[in-house]
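Trainee: Listed below, chain by chain, are the residues.
Protein chains: 2
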Amino acid sequence: MGSLKLDHELENDSHMMVNPLDPEEFRRQGHMLIDFIADYYQNIESYKVLSQVEPGYLKKLLPESAPYYPESIETILQDVQKYIIPGITHWQSPNYFAYFPSSGSTAGFLGEILSTGFNVVGFNWMSSPAATELECIVMDWLGEMLMLPKSFLFKGNGGGVLQGTTCEAILCTIAAARDQMLNQCGSEKMEKLVVYGSDQTHSALQKAAQIAGIHTKNFRTIKTTKSNSFGLCPNSLRDTVRADVEAGLVPFFLCATVGTTSTNAIDPIGPLCEVAKDFNVWVHVDAAYAGSACICPEFRHFIDGIEGANSFTLNAHKWFLTTLDCCCLWVTDPSALIKSLSTNPEFLRNKATDSKLVVDYKDWQITLSRRFRAMKLWLVLRSYGVANLRNFLRSHVKMAKLFEELVRNDNRFEVIAPRNFALVCFRVLPWPNNISVANHVEPVNELNKKLLESINESGNVYMSSTVVDGAYIIRCAIGATLTEERHVIRAWKVIQEHADRCFTQQKLV
Amino acid sequence: MGSLKLDHELENDSHMMVNPLDPEEFRRQGHMLIDFIADYYQNIESYKVLSQVEPGYLKKLLPESAPYYPESIETILQDVQKYIIPGITHWQSPNYFAYFPSSGSTAGFLGEILSTGFNVVGFNWMSSPAATELECIVMDWLGEMLMLPKSFLFKGNGGGVLQGTTCEAILCTIAAARDQMLNQCGSEKMEKLVVYGSDQTHSALQKAAQIAGIHTKNFRTIKTTKSNSFGLCPNSLRDTVRADVEAGLVPFFLCATVGTTSTNAIDPIGPLCEVAKDFNVWVHVDAAYAGSACICPEFRHFIDGIEGANSFTLNAHKWFLTTLDCCCLWVTDPSALIKSLSTNPEFLRNKATDSKLVVDYKDWQITLSRRFRAMKLWLVLRSYGVANLRNFLRSHVKMAKLFEELVRNDNRFEVIAPRNFALVCFRVLPWPNNISVANHVEPVNELNKKLLESINESGNVYMSSTVVDGAYIIRCAIGATLTEERHVIRAWKVIQEHADRCFTQQKLV
Chain Y
-11 MGSLKLDHEL ENDSHMMVNP LDPEEFRRQG HMLIDFIADY YQNIESYKVL
39 SQVEPGYLKK LLPESAPYYP ESIETILQDV QKYIIPGITH WQSPNYFAYF
89 PSSGSTAGFL GEILSTGFNV VGFNWMSSPA ATELECIVMD WLGEMLMLPK
139 SFLFKGNGGG VLQGTTCEAI LCTIAAARDQ MLNQCGSEKM EKLVVYGSDQ
189 THSALQKAAQ IAGIHTKNFR TIKTTKSNSF GLCPNSLRDT VRADVEAGLV
239 PFFLCATVGT TSTNAIDPIG PLCEVAKDFN VWVHVDAAYA GSACICPEFR
289 HFIDGIEGAN SFTLNAHKWF LTTLDCCCLW VTDPSALIKS LSTNPEFLRN
339 KATDSKLVVD YKDWQITLSR RFRAMKLWLV LRSYGVANLR NFLRSHVKMA
389 KLFEELVRND NRFEVIAPRN FALVCFRVLP WPNNISVANH VEPVNELNKK
439 LLESINESGN VYMSSTVVDG AYIIRCAIGA TLTEERHVIR AWKVIQEHAD
489 RCFTQQKLV
Chain S
-11 MGSLKLDHEL ENDSHMMVNP LDPEEFRRQG HMLIDFIADY YQNIESYKVL
39 SQVEPGYLKK LLPESAPYYP ESIETILQDV QKYIIPGITH WQSPNYFAYF
89 PSSGSTAGFL GEILSTGFNV VGFNWMSSPA ATELECIVMD WLGEMLMLPK
139 SFLFKGNGGG VLQGTTCEAI LCTIAAARDQ MLNQCGSEKM EKLVVYGSDQ
189 THSALQKAAQ IAGIHTKNFR TIKTTKSNSF GLCPNSLRDT VRADVEAGLV
239 PFFLCATVGT TSTNAIDPIG PLCEVAKDFN VWVHVDAAYA GSACICPEFR
289 HFIDGIEGAN SFTLNAHKWF LTTLDCCCLW VTDPSALIKS LSTNPEFLRN
339 KATDSKLVVD YKDWQITLSR RFRAMKLWLV LRSYGVANLR NFLRSHVKMA
389 KLFEELVRND NRFEVIAPRN FALVCFRVLP WPNNISVANH VEPVNELNKK
439 LLESINESGN VYMSSTVVDG AYIIRCAIGA TLTEERHVIR AWKVIQEHAD
489 RCFTQQKLV
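Chains as they are written, first to last, in the working numbering: chain Y, -11 to 497; chain S, -11 to 497.
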């Protein structure tokens, strides 16, 4: 490599290195790291699941500037153990129940390190044909596992692409839908374009709309209600869209969600698509978390009506054993994406692209450079197989049912929204749960906030919260790969213990 | 984990698995993979550097759908060897000279697998404090290595963030600059906003402007000339901006480049910033490739004047031993980014954020979820040290000088643009290079296209091309980690041999 030849600065320095990719040194250090990570998984329950460090802790521990001379991997790993691990919130811990899972697996890990090892930059077919072709293949595989209509698959003239996160995917589809609409009604209508979601839609939609230049005043968050289980009501959508049209605005994009982040609410895809169709509105279905479950026949009905949508996403890095990041986006009309996102600089021109026989994924996403993400999804699909993947998802749902039962059996608690998948939303009440809290919202919220803080500060389990319809709610999302039934039972015990303490300490209301 | 317990489908199936993150199985398979990748590096020169497969090759080799039952890692790795590797273009090969390097290293790899192992989702400080804090620290470290003005560092109230690619970074800065400008002049001016670059600026700018909703007709690519070495001329910028202002338009964003993709041209940062300042235009400096070299004192002058810019990027995944993806973005005013990109959903509310003592990187980028990218940059900085990193970069520049000399010594060839770093742009001529080609542009371009095709099809080396000022040019970018002087000398021999053949086969002009 010539690259790290002796410089006069380093002459006679015993730490001088020869080749940053020397295969034998790579092998030595690589094995060391595998053991380090395997040990981490082995010991993961000994760490507090939510990191308890204070803001600024690390600055006090690390030097002011980068070292001039090389340091050994042994030294660095000691620092990882001493300084980094205490500052990590252990998403892989079996006691992790916050947000949504980030379900790692051996296969996902191996796929990631294979693609890191090859380190190809697959912006177009030509730059590494296998990266593009494997992606097309696994996206059709997974699309079929989900029983997506053929129109979403390459074999039906649609197709799938792996992006980093749902935020990127929504931004790409918004840009495509926006340009398609402006193309029809004239670019001067930009200011009139309206985006729709519910008050439960992920903030990714608002952010994507903002980045895409949609005017803030044209971003609609349609109110949902508890009586509708926080799903977006098609009639509310129709009324809102109609009013906008009457006001001279141009509706163009709806994001419907299957499994919202707060409570896993379900927007009814079919009826919403019918409304959208009447107004020529692009429908994106965000099933970031719950989409994975739809490979099980018993959950597939949640995306019924998907044939009326234009695009669909799920995050394989959430609940599908594929390491971060891996968002699966399918579209029925790739040309709409390509029209908005393609560029053809001279330095990328090549025969394969000119032949039009290949997919150039750079035109399906925001970024030019792209990692070989298909590798990890391929390894997950093959290493576990459809059967095991279904079992994996079902086992989490089963554990969530158990947890839900435990909550329901303690009359100090109430389950706050239907449990559709493996997320249980609940709260504690200062009195039996058949008495209304309507006049005591704030103290009840405070009680739950205190309870959650006390649980999380214990480091024994980590759950997160949300506020829906004014109520502060604790979210228990089951899905960490290492979680077993015993962890769920223990988590519930931890909650009960902390609730006992809260009740003793406080005299509420 | 309960997760992969027996389903009736899998009962009595010997392939049934127990735990997708079982530490011992992880260890066994992990070690296997490390050897697989180490062997790949060991044998990398035995593969044709540019993949020679035909479009659609992989579909013929893989099954129609995902397997129902699990497959062993041994089977999968055999398939990687048999089916995937032939379809890979070997960016890590020492004979890879195309586009820009994707310089892998043991430290970069180890950092990536550590962060994959932890698999944390560091959207905000709270979700994994170490991920955020280490990022702030290494961004200040690297900023100081580049001698960036303090205003770009956290210690000077600016700051850095790791994104995936420059495309994302430019989009974020365009959105920030756009909203800042609209805030001043009113949102109805959206249609009037103008973006500036040169005809050599990366297509990332055009794409970002398009995604951000800037009107196509307001995207300016200012012409550069060979006499200016394809750098953007400040006077041309001033004239263009002034004309736009006079036409009632609103200039707001300039992307200046240090080391353009086609020829490594340098836009003069200082003088361009002065023009921009007069018109209140945000300046982003894109040093995706060449920025790395600026850690060497002798190259630092290329970013002189950076104190007048608003944002600066380099891709550590290009020429800084850090695996894809790792774009370093620094800004002088993080609040401008945050104003455009922040969201505050209930499910992410937490004490640390409320305290305002922490950085929440979700508000500095497009996506919410984010990988722990700082880990790999930290490992690269520590494992090699400033001294070795400089040597690494210098060794490539030295090899590029050698290559340039070889080209210049063969009077059938000409070097087409100044070699500022480790990229040499050249072409072959059908007659001695002191005779003008002005009247024979097409046949000369055809000759070079044929030559490059023939070189690349040999599989011995891989170079890429561009077109500048009407001339088709071959690009030789030296920077693969494994490249040594002998590879460069051999590459030149390959070119000469193929040129000999082209000359024999064709009678040109």
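Among the hints, erroneous ones may be present.
Taking lysine-lysine pairs in the BS3-like style, the calculated list, with each CA pair at most 25 Å apart, reads [to be verified]:
#1 Lys138(S) x Lys205(Y)
#2 Lys138(S) x Lys48(Y)
#3 Lys48(S) x Lys339(Y)
#4 Lys327(Y) x Lys143(Y)
#5 Lys386(S) x Lys143(S)
#6 Lys138(S) x Lys47(Y)
#7 Lys138(Y) x Lys48(Y)
#8 Lys339(S) x Lys47(Y)
#9 Lys265(Y) x Lys386(Y)
#10 Lys48(S) x Lys138(Y)
#11 Lys339(S) x Lys36(Y)
#12 Lys327(Y) x Lys205(S)
No lab work stands behind these hints: they were computed from the structure. Only a predicted model underlies this, so the values are computations on that prediction, with no experimental measurement involved.
Trainee: Compare the structure with each hint and give your call.
Mentor: Taking the hints in turn, this is what the structure says about them:
no., hint, in the structure
1, Lys138(S) x Lys205(Y), "violated, 38 Å"
2, Lys138(S) x Lys48(Y), "holds, 20 Å"
3, Lys48(S) x Lys339(Y), "holds, 21 Å"
4, Lys327(Y) x Lys143(Y), "holds, 21 Å"
5, Lys386(S) x Lys143(S), "violated, 35 Å"
6, Lys138(S) x Lys47(Y), "holds, 17 Å"
7, Lys138(Y) x Lys48(Y), "violated, 56 Å"
8, Lys339(S) x Lys47(Y), "holds, 20 Å"
9, Lys265(Y) x Lys386(Y), "violated, 37 Å"
10, Lys48(S) x Lys138(Y), "holds, 20 Å"
11, Lys339(S) x Lys36(Y), "holds, 18 Å"
12, Lys327(Y) x Lys205(S), "holds, 16 Å"
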